[in-house]
Amino acid sequence: MNNTKNVMIIGVGGQGSLLASKLLGRLLLTKGYDIKVSEVHGMSQRGGSVVTYVRFGDKVYSPIIDRGEADFIISFELLEAARYTEYLKAGGRIITNTQEINPMPVITGAASYPESLDTKMEAAGINIDAFDALSLAEEAGNAKAVNLVLMGRLSNYFDFTDDEWMNAIEQSVPAKFLELNKKAFLLGREA
Amino acid sequence: MKKLMLGNEAVARGLYEAGCSFVSSYPGTPSTEITEAVAKYNEVYAEWAPNEKVALESAFGASLAGKRSFCGMKHVGLNVAADPLFTISYTGVNGGLIIAVADDAGMHSSQNEQDSRHYAKASKIPMLEPSDSAEAIEFTKKAYEISEKFDTPVLLKMCTRVSHSQSIVEESERVESVKEYVKDGAKYIMMPGNAKRRHPVVEARAEALTAFAENDSVNRIEAGESREMGFVTSSTSYQYVKEVFGDKYPVLKLGMIWPMPVEKIRNFAETVNKVVVVEELDGFIEEHCRSIGVDVIGKELFSNIGELSQNLVAEKLGVETACGNKISDTIPPRPPVMCAGCPHRGLFYTLAKNKITVMGDIGCYTLGAVAPLGAIDSVICMGASVSGVHGFNKANGGATDGKTVAVIGDSTFMHSGITGLVNIAYNNSNSTVIIVDNSITGMTGHQQNPTTGMNLKGDPASKIDLESLCRAVGINRVRVVDPYDLKQCDAVIKEELAFDEPSVIISRRPCALLKYVKHNAPLKVDSDKCKSCKMCMKIGCPAISMTDGKAKIDATLCTGCGVCGQLCKFDALN
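Chains as they are written, first to last, in the working numbering: chain A, 46 to 236; chain B, 38 to 611.
To be clear, the hints were calculated from the coordinates, so they are not data collected in a lab. Do not take every clue at face value.
Pulled a few chain A residues facing chain B out of the computed Cβ check, cut under 8 Å [unchecked claim]:
| id | residue |
| --- | --- |
| 1 | Lys50 |
| 2 | Ser83 |
| 3 | Tyr132 |
| 4 | Gly136 |
| 5 | Leu231 |
Note that the Cβ used here is the ideal one computed from N, Cα and C, for glycine as well.
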């Protein structure tokens with residue numbers, strides 16, 4: 046029986062979603078899982094929609110997550126969460142920052158940013174955990190710590206100890222930002 | 038110790054462990070990180086070359102000197118390096134030589150979707166194809182063994198999903214490898230008399246390599262529970278097949294994609310009711326199977342366009358897949374855009390405003406093509422803007438000289454724009470070339486190049502002076518503008534287009550993402566002064582939006598470049 050767990054991390058190029066996958070990868074490695082983490086580099090990093098796949102279990106083959114497969118979708122931005130709901134498996138959960146960042150077609154007026162996306166997703170029967178991660182990151186000391194706030198929230202759904210998470214954070218962020226990131230993680234966890 | 042490693046980092050680790058001591062590459066997504074990672078090992082000399090042809094010829098020189106050498110590139114880079122490739126196949130090697138080529142099925146960051154496996158067959162050079170990071174290390178080391186045993190360069194074929202996926206590897210120690218150089222003109226001087234004697238050697242080598250492919254563990258058969266069907270597959274396609282079917286059906290996994298075995302495939306086909314070939318892009322394995330009389334199912338099921346995935350494999354073979362719910366709203370797309378503060382923006386705005394025909398090129402500035410700027414007319418390949426503007430203007434008999442330009446980046450100009458400029462000067466073309474010099478190779482993630490004054494290892498290096506270079510090839514009119522200064526840009530472009538002589542305009546301002554670039558304070562909107570005219574929206578800056586009918590600036594994105602402020606007729610942006 047395939048016990049692979051799938052976590053998609055999505056955001057807007059430049060938001061720092063690669064750090065979240067790095068942290069998760071480090072943690073899972075210490076737990077003895079087989080792991081694949083798939084990133085996309087290049088053009089989409091210039092403000093485009095960026096997707097990272099994290100998969101772990103006894104034996105992981107494909108590096109990507111397909112429609113209907115994600116146990117968790119971690120989203121840095123609300124529109125991006127709505128873009129990828131088809132990737133969620135039955136019983137899966139979206140954890141999303143409620144921040145809205147207008148894509149260029151919205152900025153130019155060629156398209157509009159749909160309203161109340163979080164309530165619409167909920168109404169469509171999607172398990173969604175939407176909260177203002179940006180404010181918590183700012184409270185921790187830096188708007189760029191949204192990734193750690195989201196990881197903190199995700200940690201509520203995993204059976205890993207605080208020590209295991211903190212060790213992974215220590216390995217993934219520069220020493221001078223360690224306290225800030227730990228604080229962001231805890232704020233996300235308790236939110 | 039177990040480690041998580043990107044496929045590209047794993048190739049670098051394999052190079053290090055195999056005793057590679059010379060690396061020359063040109064950056065290109067998805068291949069770039071191989072060379073960046075290998076540069077961190079002190080035992081390996083590593084450099085960015087101006088283009089892939091120079092990189093491969095340099096790597097060949099290092100091989101001739103007896104060192105294990107390497108050269109990495111993206112799929113379209115191999116087109117540039119194809120000239121030496123086909124003849125290095127004839128000479129063979131002294132120290133082992135590996136050429137990594139990374140394909141981009143799905144075109145995440147590329148201008149075409151070519152299948153590089155055809156190069157292996159056409160140049161008669163063996164090609165290995167790893168399917169994860171552990172194999173990337175293993176196959177890199179095996180590639181050197183094959184290279185030296187069979188006296189051949191070896192192609193290592195990567196793809197986006199193998200290059201940019203992390204999986205678990207174990208590291209080993211480095212083993213040094215050096216051979217002596219002995220002069221051997223009959224082998225290394227490829228003039229007709231010698232080359233005629235080398236061609237039969239190449240053909241015999243292909244036969245020997247086929248025998249190797251029959252027996253070596255690089256091509257392996259994995260048993261299955263059912264004989265109803267069997268798969269022949271490789272690379273990331275292998276992972277999708279295993280993801281869907283696990284150990285249900287037998288799989289012949291090809292690690293060496295050229296030359297392919299014959300008897301091994303025939304024997305495998307005998308053991309199953311039907312053979313399904315799963316491969317991305319062209320039916321390369323499929324054609325081989327048919328040519329040796331093995332009937333297979335392949336491209337009638339799986340498209341030769343775009344990437345595969347586990348769901349695609351499942352659906353085509355009758356396995357049910359799931360799909361999550363979605364909301365009924367249309368989700369607007371989020372295409373990549375020029376960053377806030379990008380120096381290219383002001384230049385493209387000026388070109389669009391003046392309705393100038395723009396031959397574009399490859400780099401971040403290709404994004405000048407997208408709305409609302411929409412300032413570019415064509416993009417083909419590295420350097421094509423400079424050659425293209427010359428052809429466009431000559432064909433029009435001078436009628437378009439005053440309203441057409443080429444736009445090319447600093448790194449791309451050094452890669453293959455300079456030869457086009459030589460052509461402009463030599464053939465007396467009244468064309469204008471704009472070099473957008475942002476002092477870095479931007480799109481691939483900030484690599485140094487001959488115009489930046491730094492090398493791959495981060496040490497100071499000789500810095501090409503673009504103005505002198507352009508004058509030296511015969512361009513007398515060379516101007517420099519600051520793309521943040523719209524008036525200056527507008528005036529200089531108009532002057533140079535009007536002048537009856539070829540010219541180069543260097544639009545110079547470092548990439549806003551470079552760490553050493555200091556940003557100004559973000560601009561603020563004076564809502565009372567804002568007349569909602571939307572002039573500031575015409576530059577497509579992601580930091581500016583209209584909220585409640587007034588312009589709004591996102592202070593976390595704005596770098597204070599001031600380009601939008603120059604457009605505001607009501608002085609509302611300061």
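Now for the hints, and whether the structure bears them out:
no.	hint	result
1	Lys50	violated (14 Å)
2	Ser83	holds (4 Å)
3	Tyr132	holds (6 Å)
4	Gly136	violated (10 Å)
5	Leu231	violated (23 Å)
Figure legend: structure checked against the earlier numbered hints; hints not met, in rising order: 1, 4 and 5.
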